[in-house]
Structure formats: structure tokens, C-alpha cells
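Asker: Below, each chain spelled out in residue letters.
There are 2 protein chains.
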Amino acid sequence: MKLEFKKNDLNTAISIVMKAVAVKSPMTVLECILIDATDGKITMTGNDMEFGIETVCDGVILEPGKIALEAKLLSEIVRKLPEDRDTDVSLQSDDYNNAVISCENSVFKIMGIDGNEFSMLPQLDKSHPIAISQITLKNIISKTIFSISANDVNKKMTGEYFEVDGGRLTVTSLDGHRISIRYAELNGNYQAQKAIVPGKSLSELSKILSGDMDDVLLYFSQNHMIFEFNNTIVLTRLIDGDYFQVSKMLSDDYELKILADRRKLLENIERSTIFVRDNDKQPLILNITDEVLEMRINTEIGRMDAKIPIRKTGKDLMIGFNPRFLVDALKNIDDEEVSIYMSIPRSPCFIRNENNYNYMILPVNFNPNSV
Amino acid sequence: MKLEFKKNDLNTAISIVMKAVAVKSPMTVLECILIDATDGKITMTGNDMEFGIETVCDGVILEPGKIALEAKLLSEIVRKLPEDRDTDVSLQSDDYNNAVISCENSVFKIMGIDGNEFSMLPQLDKSHPIAISQITLKNIISKTIFSISANDVNKKMTGEYFEVDGGRLTVTSLDGHRISIRYAELNGNYQAQKAIVPGKSLSELSKILSGDMDDVLLYFSQNHMIFEFNNTIVLTRLIDGDYFQVSKMLSDDYELKILADRRKLLENIERSTIFVRDNDKQPLILNITDEVLEMRINTEIGRMDAKIPIRKTGKDLMIGFNPRFLVDALKNIDDEEVSIYMSIPRSPCFIRNENNYNYMILPVNFNPNSV
Numbered sequence: 001m002k003l004e005f006k007k008n009d010l011n012t013a014i015s016i017v018m019k020a021v022a023v024k025s026p027m028t029v030l031e032c033i034l035i036d037a038t039d040g041k042i043t044m045t046g047n048d049m050e051f052g053i054e055t056v057c058d059g060v061i062l063e064p065g066k067i068a069l070e071a072k073l074l075s076e077i078v079r080k081l082p083e084d085r086d087t088d089v090s091l092q093s094d095d096y097n098n099a100v101i102s103c104e105n106s107v108f109k110i111m112g113i114d115g116n117e118f119s120m121l122p123q124l125d126k127s128h129p130i131a132i133s134q135i136t137l138k139n140i141i142s143k144t145i146f147s148i149s150a151n152d153v154n155k156k157m158t159g160e161y162f163e164v165d166g167g168r169l170t171v172t173s174l175d176g177h178r179i180s181i182r183y184a185e186l187n188g189n190y191q192a193q194k195a196i197v198p199g200k201s202l203s204e205l206s207k208i209l210s211g212d213m214d215d216v217l218l219y220f221s222q223n224h225m226i227f228e229f230n231n232t233i234v235l236t237r238l239i240d241g242d243y244f245q246v247s248k249m250l251s252d253d254y255e256l257k258i259l260a261d262r263r264k265l266l267e268n269i270e271r272s273t274i275f276v277r278d279n280d281k282q283p284l285i286l287n288i289t290d291e292v293l294e295m296r297i298n299t300e301i302g303r304m305d306a307k308i309p310i311r312k313t314g315k316d317l318m319i320g321f322n323p324r325f326l327v328d329a330l331k332n333i334d335d336e337e338v339s340i341y342m343s344i345p346r347s348p349c350f351i352r353n354e355n356n357y358n359y360m361i362l363p364v365n366f367n368p369n370s371v
Numbered sequence: 001m002k003l004e005f006k007k008n009d010l011n012t013a014i015s016i017v018m019k020a021v022a023v024k025s026p027m028t029v030l031e032c033i034l035i036d037a038t039d040g041k042i043t044m045t046g047n048d049m050e051f052g053i054e055t056v057c058d059g060v061i062l063e064p065g066k067i068a069l070e071a072k073l074l075s076e077i078v079r080k081l082p083e084d085r086d087t088d089v090s091l092q093s094d095d096y097n098n099a100v101i102s103c104e105n106s107v108f109k110i111m112g113i114d115g116n117e118f119s120m121l122p123q124l125d126k127s128h129p130i131a132i133s134q135i136t137l138k139n140i141i142s143k144t145i146f147s148i149s150a151n152d153v154n155k156k157m158t159g160e161y162f163e164v165d166g167g168r169l170t171v172t173s174l175d176g177h178r179i180s181i182r183y184a185e186l187n188g189n190y191q192a193q194k195a196i197v198p199g200k201s202l203s204e205l206s207k208i209l210s211g212d213m214d215d216v217l218l219y220f221s222q223n224h225m226i227f228e229f230n231n232t233i234v235l236t237r238l239i240d241g242d243y244f245q246v247s248k249m250l251s252d253d254y255e256l257k258i259l260a261d262r263r264k265l266l267e268n269i270e271r272s273t274i275f276v277r278d279n280d281k282q283p284l285i286l287n288i289t290d291e292v293l294e295m296r297i298n299t300e301i302g303r304m305d306a307k308i309p310i311r312k313t314g315k316d317l318m319i320g321f322n323p324r325f326l327v328d329a330l331k332n333i334d335d336e337e338v339s340i341y342m343s344i345p346r347s348p349c350f351i352r353n354e355n356n357y358n359y360m361i362l363p364v365n366f367n368p369n370s371v
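Protein sequence lines correspond, in order, to chains A and B.
The first sequence begins at 1 in this note's numbering and counts up by one.
The second sequence begins at 1 in this note's numbering and counts up by one.
Not one of these hints is a red herring.
In silico lysine-lysine, DSSO-like type, Cα no more than 30 Å apart, as pairs:
{"id": "1", "chain 1": "A", "residue 1": "7", "chain 2": "B", "residue 2": "264"}
{"id": "2", "chain 1": "A", "residue 1": "138", "chain 2": "B", "residue 2": "80"}
{"id": "3", "chain 1": "B", "residue 1": "80", "chain 2": "A", "residue 2": "331"}
{"id": "4", "chain 1": "A", "residue 1": "6", "chain 2": "B", "residue 2": "307"}
{"id": "5", "chain 1": "A", "residue 1": "2", "chain 2": "B", "residue 2": "264"}
{"id": "6", "chain 1": "B", "residue 1": "7", "chain 2": "A", "residue 2": "331"}
{"id": "7", "chain 1": "B", "residue 1": "109", "chain 2": "A", "residue 2": "281"}
{"id": "8", "chain 1": "A", "residue 1": "207", "chain 2": "A", "residue 2": "194"}
{"id": "9", "chain 1": "B", "residue 1": "307", "chain 2": "A", "residue 2": "7"}
{"id": "10", "chain 1": "A", "residue 1": "80", "chain 2": "B", "residue 2": "257"}
{"id": "11", "chain 1": "A", "residue 1": "281", "chain 2": "B", "residue 2": "72"}
{"id": "12", "chain 1": "B", "residue 1": "80", "chain 2": "A", "residue 2": "207"}
{"id": "13", "chain 1": "B", "residue 1": "312", "chain 2": "A", "residue 2": "109"}
{"id": "14", "chain 1": "B", "residue 1": "264", "chain 2": "A", "residue 2": "6"}
{"id": "15", "chain 1": "B", "residue 1": "281", "chain 2": "A", "residue 2": "24"}
{"id": "16", "chain 1": "B", "residue 1": "264", "chain 2": "A", "residue 2": "109"}
{"id": "17", "chain 1": "B", "residue 1": "2", "chain 2": "A", "residue 2": "307"}
{"id": "18", "chain 1": "A", "residue 1": "281", "chain 2": "B", "residue 2": "80"}
{"id": "19", "chain 1": "A", "residue 1": "109", "chain 2": "B", "residue 2": "281"}
{"id": "20", "chain 1": "A", "residue 1": "72", "chain 2": "B", "residue 2": "281"}
Rather than coming from a laboratory, the hints here were simulated on the basis of the structure.
Just so you know, these numbers come straight off a predicted model, no measurement behind them.
Whenever a hint applies, use it, and build me the whole structure from the sequences.
Answerer: Right, here's the structure in full:
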């Protein structure tokens, strides 16, 4: 095999597929990137068997072939080549999988692995794509992924639920204390689809999605899901089983609704987290009256009292929350003003905007006599 | 005590003295900042007993007093106050060391410690200051501190040697494999002084030195050294004993001298470090002939060959080095072209510029037949 690249093209392709390469594996080939130039184009692939990425890299094929090279080593060599983006880099390999990378007056020799030992990504049916802009998908992921569970006692909580219903995509995550839901209108009407996608795959995917309006195509299958964009295919295994019946946990009824400046509310609640150490269960108490929201926390570290103006309809309420959960939700909302719906001290609050999002947070019990 | 500050003044003073506060100590008072407003000005102090910082903070004293407050907590509260730099912050304490910090509609209550329990910095004789610009001192520290030893088996290697001799300051560090020396001309003629200053103190000091030409004053005493600048006093204990006799390890004789483009040389040597893993002793071989410097490394990871043009006087030489040591030195030189002096494969190289620096690096033995 003999290939020629511009440094920048090679660097970009490697950094994309690197995200699917196993960092440490007993199977050396899982720590490799496959470079395949047998088919008239140069394809690079990373695949840790749960999650795989394939991308096409610009370059010239002087002699076809394929080889698997240790990803970390290859990426380090290419990153440290001369800074000029347009420097020419040549990559050659022989029948014994010796690889030679040359650039200006430097020559690097490393051992590769036979490209045929690499596990190719499964070929899936791609007849029913669902299109969404990359920026929208990127946003939806980042604004829900904080409430998946890190603990995989319940595997389904470590993923996000993707559901297509007609013209709408709904993405849901939950961890037993809260639910985060984001909606996106799709351009077109699609047949119903659903899947539980591993959070780890989504967080890697969102790093390589661009921040622009170009589409990404989604393909659902029994055990996998594919995201296709910019000459790149991202494939992830799905989490088995049925997702939680989230609709039963939501409610549109409420006994009071408040409208508050999101930024003011967020800043004040963030300050209260200073007084919460890791295993502390002391809640932030919200005391809601007609035009004022009072916040109070009192832990062994110290005490904070703060208040902000609000607009309220409905009854007064005193209710307690883990302030970090409120911060997570408020940080992930772009609206200047938020609507919060509540009922009684033991029932959840909903920070909601019908078209875009619904964040549910369970309250924390507290003794009203102690505050 | 009752004080008023602009948020930004308070924040700046806290972040300066924080650098001398113990992160975790069995003595809670060592994790505190002392705020002392008994003397017509507001002084803040951090002191972990090895290293201390005292700074004067702008503010209004409505009622004098002093208190010690947990540094981490105080700093978090102040950092999370409204973003506006000019927001007014009030700090009050009562006879029971309850402290109240108020700002806009937020009130924070935390417990402090009696200010009299705080260990004040020792008062030293300040009659013979040595003046140097902050940027010069900052540079000298950063360009030598990489070659102190992290391992304190030999305590003296964990410090830097400061030596004043007439109109010149010399700062030296060494770790058994290499020596880094920086010189600075002083404005004036001073009596001889010397001290071994802990590397940890210097690295914290250099974070708060400004990058401008304002002076910092140095005071040497038996067991301490003081750095005074911008209303701030930094005091460090010294390391006991006599420093190594560095002048005996240096030599002005050489058998060849090369002139090389620093950046080209550095980039090529950096690339060779890709093939060096932590415990690897395989050296980078330099093969120096009249107009070319060839570099070669061959480890179990792979092999690199590279060459750059040089100008040389003297004989040819083949010599091996730990490439990381060469990288460290070359990274800390600003000159576009460097002069390197060598003799035989077993004697050190010197990267030297008479007025500013002298970096000595010991070579590594290698078998010339194996390369």
C-alpha cells in the first residue's frame, strides 16, 4: 500500500475515528485504526465492538492495500509532524505489515497488523433514514445527557431513549431522581421508531457532530443505530429491553405556576451548592409566595438566604430540592424566562416549554419546623 | 468587624493568598485565610508554615477586627457572587466568630475562627533589598524549575539555588541528570547572598508575579526569603545546607560546537519522544557531521530517522541523550539559533549563551554497533 495525504486531512480523519478505538484492550487489534484503500477510496475505521466510526479521508492512492495501525501511536506521530496543514505525508506498508510514515526529512517506522484481522462494522439496512440537522441533534444530546445514570445497575438508565413519532423526535434520559426530555420537529413524516442508545456512544458522537445546519441521517435497526454525516458513519449497539413508561410519570396538572428570570434563578441556586458536600442530603428550600421566591439552605458548612422576584399564579408553596438537580436543568435551557409547575411538597416540579423541553425533578422531604 | 469591598478587589486578594493556604491539614486554622482590619488597612494572609503570603486588599473598614475564615469556602462564595466586578460585598463578624457575607439579595453565614489563633508570618529584617523586575524573575523561575527533582530523597535537589554576586543573580536547578542555570543582570551592586529556595514556593510565587517590569524586592535571611511586590509579601522557608558545587561540573572547553535552528531541532527531537515509554532507556542518537545533524531512535515501539542542517566547527561526533531532557532545555530558550558545545560521547553537552543561560545535559551510553 502507498498513500499520500495532506497532513490536515489525515489528522482530521484520525481524530474522528479515534473516538471509537478502545483505549486499552486485551485484543491489540481493537486499539488500532484500520486504513483501507482497496476500494478506490481511503476509509479509516475505529471499532471497539460496542461503538464504531468509519470515515473517508481525502488522499491519493498510489498503490492499494490495507493495514491496521496502533491508533494512539499513529495519532501522536501525525500530530507532531510539521505544523503546516498542507505538508505532504506519505504512508506505505509492505507485505509484512511494516509501515513507514514519511514527511519532509523525517521517517517513522512502526509495526502494523494485517488489515484482514480488523472487525469491520456490520452492514445494516439503510433504506429508511430520518434526517435532522447536526446542530439540533448535538444540542438535544448535550441538554439531556447530564441526567443519565453513571451507575449501570440499571443498564437502561445509562442510555437515552430515542423515539420518532410522525414528525417529532423525542429524546429522554432519567436517573431515578429526575427526567430530562427534549423534543425536535422533523422535516417530514416518519414511521414510528424507538431505541435505547448508550450514553457513552452519544457523548462521543456529539463531539464529532458539527455545529451547523447540515443534516445527519439516523437509521434504526433491531440491535444497532447508525448516524451518517460528512462522509462519516457512526454505528452503536443499542441497549436491550423496553424503556421506562415515562408518560405515566409526567403530569400536566399543577397547583401553582411561576415565571422567573432563568439566569437570576440559576445563579442563586448555584451559590447554594457551595454548602452541599457530596453525601449531604440537606435540601434547598424554596418558599414561594406571590411575588417573591425565597431560597434557603442550612447545612453544617453554613447557611444561605436569598430571594428573587417572580410572577406566580396559584397557591403558595414551601418545597425542597437537591439544588444540583435544579442547576443542571436550568443550565441546559436557553430561554430567558422559565415556567415552573408545581403542586404539593411531595410531588415533582416540571420546568417545561411545550415545544422544546420538559425537565422533571423529584423533591426532597424536609421538616418544615427545622427551617 | 465590619468591612465593605468591591467584589473584584476581594476576589483578587483571596486568590493571591489562597496559594499559601494548606489544602488539607489536621490544623483547621492552616486551611484558613486571616482577614485583619485592626491596623487601619485590610490585610489578608495565608500561611501553611513553610510558605506564606500577605496582601493588602482595598476596602472600607466600618468597624475594625479580625477573623480567620475557611479559605476554600470563602473563595467559592466570593467567586459565585454576581459577575459585575464592582458589586458591593459586605463582610461582618461578631464576638463569637460568626461571619456574614452579604451581596445584593444574598446572605451567607459561615463559622470562622478567632483571628488570634492564626500563625502570623515571622517579621524579618528588611534592610537590604535586591530589586529585579517581576517579569525577569518570573521568567528565570519558569525556565529553570523543570529540572528540580520531584523526589525528595535529596532535599536540596527539590529547591533552586539563588545566588547574588555583585550585579548578577544566578538561579540554578539540578536533578542528577542535568543542570539548568539562568543569569540576570541586576540594577546595582549588591553584597553576596545565597539561598536554596523550595521549588514548590517558587512555582506558587511565579503564578502571582505579574508579567510586567515593576520591581519585586528580594530579602535574604538565615532561614527565610521574602519577595515583596504590589502590596504583597511572599515569605518562604529555605532548604538547609550548602548547595552542590555546580561550578566544578561546568566546563568551557569543548571539541565541537554546533549552531542549529532551535525550533527545527526542538520539533524533531519532540517527535522522537513518541517512541520513548516511561521506563525506556533507549537514547536518541545524534550523529553530527559537518553540515548535517542526523537523529535516530530505535525502540520496541518503532524507529525514527530525521535530519536537519547545522553549522559545525570541530570534530564529528556520535552521542546519545534522553530526548526529553533536550526537549526541556530547548523549550525554555527564546533564541532562534542555539549553540551547543560537546566533546566526547561520555561527557555532557552544554546549550549555552554566556549572558543568559547554561543548560548542561549528561549523555546516555549506547552501543555504537547497534545503531
